[in-house]
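**Student:** Please model the entire structure based on the sequences and the hints provided.
Residues per chain are reported as follows:
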Amino acid sequence: MIVIRNARILGGEPRDILIANGLISEIGAGLGGDTVIEADGLIALPGLVDLHTHLREPGREDAETVETGTRAAAIGGFTAVHAMANTSPVADTAGVVEQVWRRGQEAGHCDVHPVGAVTSGLEGKHLAELGAMADSQARVRVFSDDGKCVSDAVLMRRALEYVKAFDGVVAQHAQEPRLTEGAQLNEGEVSGRLGLTGWPAVAEEAIIARDCLLAAHVGSRLHVCHVSTAGSVEIIRWAKSKGWNVTAEVTPHHLLLTDSCAEASPVGPYNPIYKVNPPLRTHDDVTALREALADGTIDCVATDHAPHPVEDKETEWAAAAMGMIGLETALSVVQEAMVETGLLDWAGVADRMSTRPARIGRLSGQGLPLEVGSPANITLYDPAVRTPVDPTAMVSRSRNTPYEGLTLPGRVVATFLRGRPTVLDGKLV
Amino acid sequence: MKHLISAGDLSRDEALLILDTAEELARVSGRSIKKLPTLRGRTVVNLFFEDSTRTRISFEAAAKRLSADVINFSAKGSSVSKGESLKDTALTLEAMGADAVVIRHGASGAPHRLANWVRGSVLNAGDGTHEHPTQALLDAFSMRQRLGRLEGLKVAIVGDILHSRVARSNVLLLSTLGAEVTLVAPPTLLPVSVERWPCQVSYDLDAVLPKADVVMMLRVQLERMNAAYFPSAREYSRRYGLDRDRFAKLHDDAIVMHPGPMNRGMEISAEVADSPRSTIVEQVGNGVTVRMAALYLLIGGENQ
Amino acid sequence: MLEGPDIHRALTRIAHEILERTRGASDVVLLGIPTRGATLAHRLAERVAQFEGVKVPVGSIDITMYRDDLRLGPARPLGKTDVPAGGIDGKTVVLVDDVLFSGRTVRAALDALGDIGRPKAVQLATLVDRGHRELPIRADYVGKNLPTAKSEKVKVLLSEIDGRDAVELLKNEPEGAGK
Chain H
1 MIVIRNARIL GGEPRDILIA NGLISEIGAG LGGDTVIEAD GLIALPGLVD LHTHLREPGR
61 EDAETVETGT RAAAIGGFTA VHAMANTSPV ADTAGVVEQV WRRGQEAGHC DVHPVGAVTS
121 GLEGKHLAEL GAMADSQARV RVFSDDGKCV SDAVLMRRAL EYVKAFDGVV AQHAQEPRLT
181 EGAQLNEGEV SGRLGLTGWP AVAEEAIIAR DCLLAAHVGS RLHVCHVSTA GSVEIIRWAK
241 SKGWNVTAEV TPHHLLLTDS CAEASPVGPY NPIYKVNPPL RTHDDVTALR EALADGTIDC
301 VATDHAPHPV EDKETEWAAA AMGMIGLETA LSVVQEAMVE TGLLDWAGVA DRMSTRPARI
361 GRLSGQGLPL EVGSPANITL YDPAVRTPVD PTAMVSRSRN TPYEGLTLPG RVVATFLRGR
421 PTVLDGKLV
Chain V
1001 MKHLISAGDL SRDEALLILD TAEELARVSG RSIKKLPTLR GRTVVNLFFE DSTRTRISFE
1061 AAAKRLSADV INFSAKGSSV SKGESLKDTA LTLEAMGADA VVIRHGASGA PHRLANWVRG
1121 SVLNAGDGTH EHPTQALLDA FSMRQRLGRL EGLKVAIVGD ILHSRVARSN VLLLSTLGAE
1181 VTLVAPPTLL PVSVERWPCQ VSYDLDAVLP KADVVMMLRV QLERMNAAYF PSAREYSRRY
1241 GLDRDRFAKL HDDAIVMHPG PMNRGMEISA EVADSPRSTI VEQVGNGVTV RMAALYLLIG
1301 GENQ
Chain G
2001 MLEGPDIHRA LTRIAHEILE RTRGASDVVL LGIPTRGATL AHRLAERVAQ FEGVKVPVGS
2061 IDITMYRDDL RLGPARPLGK TDVPAGGIDG KTVVLVDDVL FSGRTVRAAL DALGDIGRPK
2121 AVQLATLVDR GHRELPIRAD YVGKNLPTAK SEKVKVLLSE IDGRDAVELL KNEPEGAGK
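Residue numbers (our numbering), protein chains in the order written: chain H, 1 to 429; chain V, 1001 to 1304; chain G, 2001 to 2179.
The list that follows gives simulated cross-link-like pairs (lysine-lysine, DSS-like), each with its CA atoms no further than 25 Å apart:
#  : chain 1 : residue 1 : chain 2 : residue 2
1  : V       : Lys1087   : V       : Lys1002
2  : G       : Lys2171   : G       : Lys2153
3  : H       : Lys148    : H       : Lys125
4  : G       : Lys2080   : V       : Lys1034
5  : V       : Lys1034   : G       : Lys2120
6  : G       : Lys2120   : V       : Lys1035
7  : G       : Lys2080   : V       : Lys1035
8  : V       : Lys1064   : G       : Lys2080
9  : V       : Lys1064   : V       : Lys1034
10 : H       : Lys242    : H       : Lys164
11 : G       : Lys2120   : G       : Lys2055
12 : H       : Lys148    : H       : Lys164
13 : V       : Lys1249   : V       : Lys1154
Not the full set, but computed from the structure, chain G residues with beta-carbon under 7 Å of chain V:
#  : residue
14 : Met2065
15 : Leu2070
16 : Arg2071
17 : Gly2073
18 : Pro2074
19 : Ala2075
20 : Leu2078
21 : Thr2081
22 : Asp2115
Hints were generated in silico from the structure; no laboratory data involved. In this text the structure is predicted, and so the values were computed from the model without any measurement. Every residue, glycine too, gets a C-beta built ideally from N, C-alpha and C.
**Tutor:** Printed below as a string of structure tokens:
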């Protein structure tokens, strides 16, 4: 029996939390247990759930593995991650998703829920065997060609319809391919000055608008990955106002960084550490995304943790890989962007980073409230410290964090997965 | 000045220092012994990832006239074409002890990246669709030579602004030096947010010409047509080409420039290109002296 | 150390000496080393014209690109090189500088001259010779020999540039700052 002493559940008054048999067995004052964890000043959140993680295994074990990626997740306070399908081979069959799921079980740092590809080989031509993946041991419910857009309207419609049979959801990477040929950076003032091929907001917004209409037409569930523009927010707000079943996520980096990082930053201009898909947008977009996350138009934060080896980032901008790691800094960035600004309280953070993503992914044992009887998936977080981001101290196999040179608030002190500590005192157990 | 990567990094005084230095050096190019001993023992590497014979030769001549050792490193047929990264190439140059690296690269920002990895000075000889600062300097030099001033000069830059590093560098440099730039192009060939640049924008060449002191015609690549930037070469030429009739609208002292290579008959007619008011040939000669000035000012002094 | 009238007299004397030593200065070209050497060259040319009615070609030769100490400081702006139309081939070139010190400037000027043409002879005129030569160079015409310590700095002021004529000795300048 573990007792967590004086934790502030969702930022409330200090309470003791007693854990037994993987469940929260009692909440109160002056509780005793075999192991005592002092949590004075720490906030207790339900274990964080990420809807959007690239674990890179199989295929790019030089960038990340299920083992290293889930370690990073635990360090970041996550108890469940959704592993994206753009691996090599692509997670488009029951065999591959079961392999990833099993590796997650073996690693044991957090739950790993594979995302299935929508189309075979992410090629956007034929539907993958969505049902087989849903019925597999991995019980896939989220399907995505992430990294590529399901741009064919007919294929998208069919996918949306087909996954209704097992309560699945299609998570769309909204990027109109023709409008983004060779695109490098948000199309605007900065891209024009830097001479980098523009990535227009409309390329994202047009697909989101179309998909909302398709989802409404066929009565399906749609999830929009990494929303990055103010226009996308408007469209999703409108779709939700119609009562359509649309959910959306935003990444931590789109809540904090702008395209101006490509021009001026602590690590020099044209540093591809800031190259990401979708691209960093403008200050106005960041403001709109924060407001949308606060008012619930955007349902959740998802990291889009995208590890890349050094050689894929230490290049000229156009040659560099897109993506940034984010699991270990997600909660700190959300505190900086949402809590410190007064847009969300800790209950709101729990909702956007645990409850809602678990619900969208149809995870039964995650994202539940911290109350007696719930699985003891708990993140203890110290919001009072501020530390400079140190890429070399990260446990992810890759180092491509865009926050080098920044000082961010907060630190995950401990993470519990069904009562078992995966992180204690900020270190892996 | 440590590097010359963007024309926008130059202050007015720095830009004028380069032009004034070039003006003194221009006298050297007229005498029988053109060589100066200034950069003896210094190594200049020409690192060209794109074919550009004229720019490379211009930098090579500039470095040699200052007695620098010149190493030409062309990406073709070298380890670069076998997949060596820019960083590894940079480390190789570093081991050779390059005092200056002149880089031409297809990717915007490559010179900025290179500057992180070498100790020597980096000179941008054209990066992607970003900048080509020495071209802008030689253009400004040629304008000042012909028209006697830059302050208040009305300069029209015509053509594919979106993909032009020459246009970007010229807008930044000329606005620093007090000239008034107007960009003229079909809307498809202008970057979004161009209205935030320190210049005017027009879609109508005929309206701009009568007021212009300088008309700079940019090369328009035919492959842009396939990407629907404009319908046909004929239509482009009719609306934005500088032909005899349009040339006649210029005032008597106005000059015509082109950074080369030209598409005669497309953006400029042969008659205009060969007219005495065209500076196209002297731009080439001025390129050498301006690049000598830049090299001298960057690596002629103490090692930074 | 020197006032306006002293400088005036010194230049007058040098002009006479040039006329004398070059037998009327008929094939002389005066080349000043910028900035103040060039001004002095023009003053000498005026005097030569006054005394004998000879119009001596006068110009300037910048030696910056030939200096041997370029690497000891940031790149310097260039001075003006203005070689008279007749050139220097077969002429007697009189180099004019304000202060003769280590001799390195003159060495650089000789190199620069060699790249412009082949004079019959090269002579050197200086307003002040302050000693401390580091090269085997001596002046043919000297306005004033001025014993100095190596750490001192000699400053020549000319009315065309500085508003008045004077030669000043500045003490305790850091090593190497003097001319």
